[in-house]
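Student: Chain by chain, the residues:
There are 2 protein chains.
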Amino acid sequence: MPQTHHIERHFTAGELLRDVVIGMSDGLTVPFALAAGLSGAAASTGIIVTAGLAELAAGSIAMGLGGYLAAKGDEEHYASERKREEVEVREKPLEEATEVQEVLAAYGLTPEESAPVVEALRKRPQAWVDFMMRFELGLEKPNPGRARGSAITIGGSYVVGGLIPLGPYLLTSNARTGLHFSVGVTFLALLLFGYVKGRFTGTGPVRSALQTALIGGLAAAAAFAIAKLIT
Amino acid sequence: MPQTHHIERHFTAGELLRDVVIGMSDGLTVPFALAAGLSGAAASTGIIVTAGLAELAAGSIAMGLGGYLAAKGDEEHYASERKREEVEVREKPLEEATEVQEVLAAYGLTPEESAPVVEALRKRPQAWVDFMMRFELGLEKPNPGRARGSAITIGGSYVVGGLIPLGPYLLTSNARTGLHFSVGVTFLALLLFGYVKGRFTGTGPVRSALQTALIGGLAAAAAFAIAKLIT
Numbered sequence: 130m131p132q133t134h135h136i137e138r139h140f141t142a143g144e145l146l147r148d149v150v151i152g153m154s155d156g157l158t159v160p161f162a163l164a165a166g167l168s169g170a171a172a173s174t175g176i177i178v179t180a181g182l183a184e185l186a187a188g189s190i191a192m193g194l195g196g197y198l199a200a201k202g203d204e205e206h207y208a209s210e211r212k213r214e215e216v217e218v219r220e221k222p223l224e225e226a227t228e229v230q231e232v233l234a235a236y237g238l239t240p241e242e243s244a245p246v247v248e249a250l251r252k253r254p255q256a257w258v259d260f261m262m263r264f265e266l267g268l269e270k271p272n273p274g275r276a277r278g279s280a281i282t283i284g285g286s287y288v289v290g291g292l293i294p295l296g297p298y299l300l301t302s303n304a305r306t307g308l309h310f311s312v313g314v315t316f317l318a319l320l321l322f323g324y325v326k327g328r329f330t331g332t333g334p335v336r337s338a339l340q341t342a343l344i345g346g347l348a349a350a351a352a353f354a355i356a357k358l359i360t
Numbered sequence: 130m131p132q133t134h135h136i137e138r139h140f141t142a143g144e145l146l147r148d149v150v151i152g153m154s155d156g157l158t159v160p161f162a163l164a165a166g167l168s169g170a171a172a173s174t175g176i177i178v179t180a181g182l183a184e185l186a187a188g189s190i191a192m193g194l195g196g197y198l199a200a201k202g203d204e205e206h207y208a209s210e211r212k213r214e215e216v217e218v219r220e221k222p223l224e225e226a227t228e229v230q231e232v233l234a235a236y237g238l239t240p241e242e243s244a245p246v247v248e249a250l251r252k253r254p255q256a257w258v259d260f261m262m263r264f265e266l267g268l269e270k271p272n273p274g275r276a277r278g279s280a281i282t283i284g285g286s287y288v289v290g291g292l293i294p295l296g297p298y299l300l301t302s303n304a305r306t307g308l309h310f311s312v313g314v315t316f317l318a319l320l321l322f323g324y325v326k327g328r329f330t331g332t333g334p335v336r337s338a339l340q341t342a343l344i345g346g347l348a349a350a351a352a353f354a355i356a357k358l359i360t
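Those protein sequences? They're chains A and C, same order as listed.
With the first letter of the first sequence counted as 1, position 122 gets the number 251 in the working numbering; the numbers rise by one all the way through.
With the first letter of the second sequence counted as 1, position 214 gets the number 343 in the working numbering; the numbers rise by one all the way through.
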């Protein structure tokens with residue numbers, strides 16, 4: 130299917146999936162590692178659950194609102210650059226025409242070869258601005274309303290992901306029992322999540338599953354070691 | 130300075146800054162909020178320090194390795210798409226020529242107007258592939274070696290950011306005293322960080338400072354409320 134990528138670029142489910150992946154990879158990893166680390170220091174699950182849920186709240190807000198502001202920033206950046214290009218196209222058409230030539234010269238086109246493109250764009254100021262945005266500045270028009278959806282998806286996926294490793298600690302009062310079940314459940318969840326992620330991103334499902342589980346394992350081992358060291 | 134954006138795009142310090150911002154915004158926010166949350170539940174700073182440092186270890190590994198794999202994934206995606214375009218340009222030049230026409234038609238160019246570009250690219254297969262990568266697929270060539278540098282910068286910035294809110298808890302044994310100093314120090318750090326970030330990203334320093342402090346405050350308040358509720 131050599132044409133798949135054409136569809137992919139305009140397929141907004143790709144952005145949704147990307148946000149789920151961003152939220153869930155951290156949600157499965159950090160609360161899991163924090164809880165595992167605290168299991169190395171605490172005997173009862175009370176403090177682990179408190180810390181885990183507090184982390185879930187903090188992490189989902191930080192990631193969700195952070196994603197919101199990043200997307201809003203992209204929208205504003207695009208709008209202000211577009212306004213600037215509109216002014217330049219209107220007020221300095223000769224300089225902008227030279228810039229079109231320069232863009233195409235990077236692909237080996239001589240000024241004579243790019244002249245028809247320059248002429249065609251001069252007749253269509255809006256298309257000219259679109260051309261400069263994409264080809265000179267490399268900016269894609271952001272999806273309007275994406276900021277809010279993105280914030281909710283990232284924050285929500287973080288919470289959903291984080292409840293998986295915390296679940297076992299909610300069901301037992303013994304930290305060690307909680308740890309064992311949490312490791313098992315989260316390891317399976319990381320493998321499954323990595324596998325699905327790999328299928329969609331094209332990294333290769335098995336490799337992605339192993340990489341995702343490895344990151345979770347390393348983070349949990351480091352947190353566990355640090356908590357053991359200082360208590 | 131209408132030309133600033135041209136420089137910006139090729140300025141790799143922009144990528145470094147972006148990574149510092151990614152690591153530090155979460156590093157200042159999540160450990161701060163977690164420690165504040167636990168202060169609502171614990172009377173001594175021992176468990177707060179343990180949880181905070183465990184979170185720092187987990188978060189920096191998850192973010193750093195996550196960033197590494199994301200950047201590696203981009204590199205591989207670019208390389209595989211490029212290989213596909215090379216094959217297509219070689220084996221289906223007519224179809225690819227039509228695709229060049231289609232790309233330019235989106236900017237109002239007629240087939241006659243884009244014909245010289247098509248002809249010019251056909252003479253230069255490598256430039257043709259470059260053209261398709263950028264203009265058809267919207268893919269920028271990733272900076273080689275960026276993955277490792279990105280991982281270290283994001284992870285390191287997370288640790289540096291996170292040590293600021295945890296510092297006060299390391300210096301006192303009373304959770305409430307630690308909380309008060311942590312709130313003060315972190316609030317100042319968030320304002321300063323937001324201000325500097327705003328100057329570089331063009332959001333406006335004061336607005337960025339307030340937004341950054343607001344996210345940190347909301348995350349900490351939510352974590353505090355949850356920890357209070359369940360203990």
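Among the clues, some could well be false.
Repeated chains share a single entry, so a pair holds when one copy, or any two copies, can fit it.
As the list claims (entries may be wrong) - Pairs of lysine-lysine residues, derived as DSSO-like cross-links and limited to a Cα-Cα distance of at most 30 angstroms, are as follows:
| hint | residue 1 | residue 2 |
| --- | --- | --- |
| 1 | K270 | K357 |
| 2 | K201 | K357 |
| 3 | K221 | K252 |
| 4 | K357 | K212 |
| 5 | K221 | K357 |
| 6 | K357 | K252 |
| 7 | K201 | K252 |
| 8 | K270 | K201 |
| 9 | K212 | K270 |
| 10 | K252 | K212 |
The hints are simulated quantities; they were obtained by calculation from the structure and are not laboratory data.
Student: When no copy is named, should K212 and K270 be tagged within, between, both, or neither for a Cα gap of at most 30 angstroms?
Tutor: both (13 angstroms within a copy, 27 angstroms between copies)
Student: At most 30 angstroms between CA atoms: does that hold for K201 and K357 within a copy, between copies, both, or neither?
Tutor: Cα proximity of K201 and K357: none, with 42 angstroms in one copy and 33 angstroms across.
Student: Indicate which option fits the pair K221, K252 if close means a Cα-Cα distance not exceeding 30 angstroms: within, between, both or neither.
Tutor: within (15 angstroms within a copy, 32 angstroms between copies)
Student: Go through the copies and call it for K221 and K357: within, between, both or neither, with a Cα cutoff of 30 angstroms.
Tutor: Neither: 66 angstroms inside a copy, 61 angstroms across copies.
Student: Give the relationship of K270 and K357 under a CA distance limit of 30 angstroms: within one copy only, between copies only, both, or neither.
Tutor: Result: close neither inside a copy nor across copies, 49 angstroms intra and 44 angstroms inter.
Student: How do K270 and K201 come out at 30 angstroms by Cα distance, when the copy is not named: within, between, both, or neither?
Tutor: The answer is both: 12 angstroms in one copy and 25 angstroms across copies each meet 30 angstroms.
Student: Under a CA distance limit of 30 angstroms, which applies to K252 and K212: within one copy, between copies, both, or neither?
Tutor: Classified as within: same-chain Cα gap 19 angstroms, cross-chain 36 angstroms, threshold 30 angstroms.
Student: 30 angstroms Cα cut-off: does K357 pair with K212 within a copy, between copies, both or neither?
Tutor: Classified as neither: same-chain Cα gap 56 angstroms, cross-chain 49 angstroms, threshold 30 angstroms.
Student: For K357 vs K252, is the C-alpha pair at or below 30 angstroms within one copy, between two copies, both, or neither?
Tutor: neither (70 angstroms within a copy, 65 angstroms between copies)
Student: Between the shortest in-copy and the shortest cross-copy C-alpha distance, which are at most 30 angstroms for K201 and K252: within, between, both, or neither?
Tutor: neither (32 angstroms within a copy, 42 angstroms between copies)
Of the hints listed earlier, those the structure fails to meet are numbers 1, 2, 4, 5, 6 and 7, in rising order.
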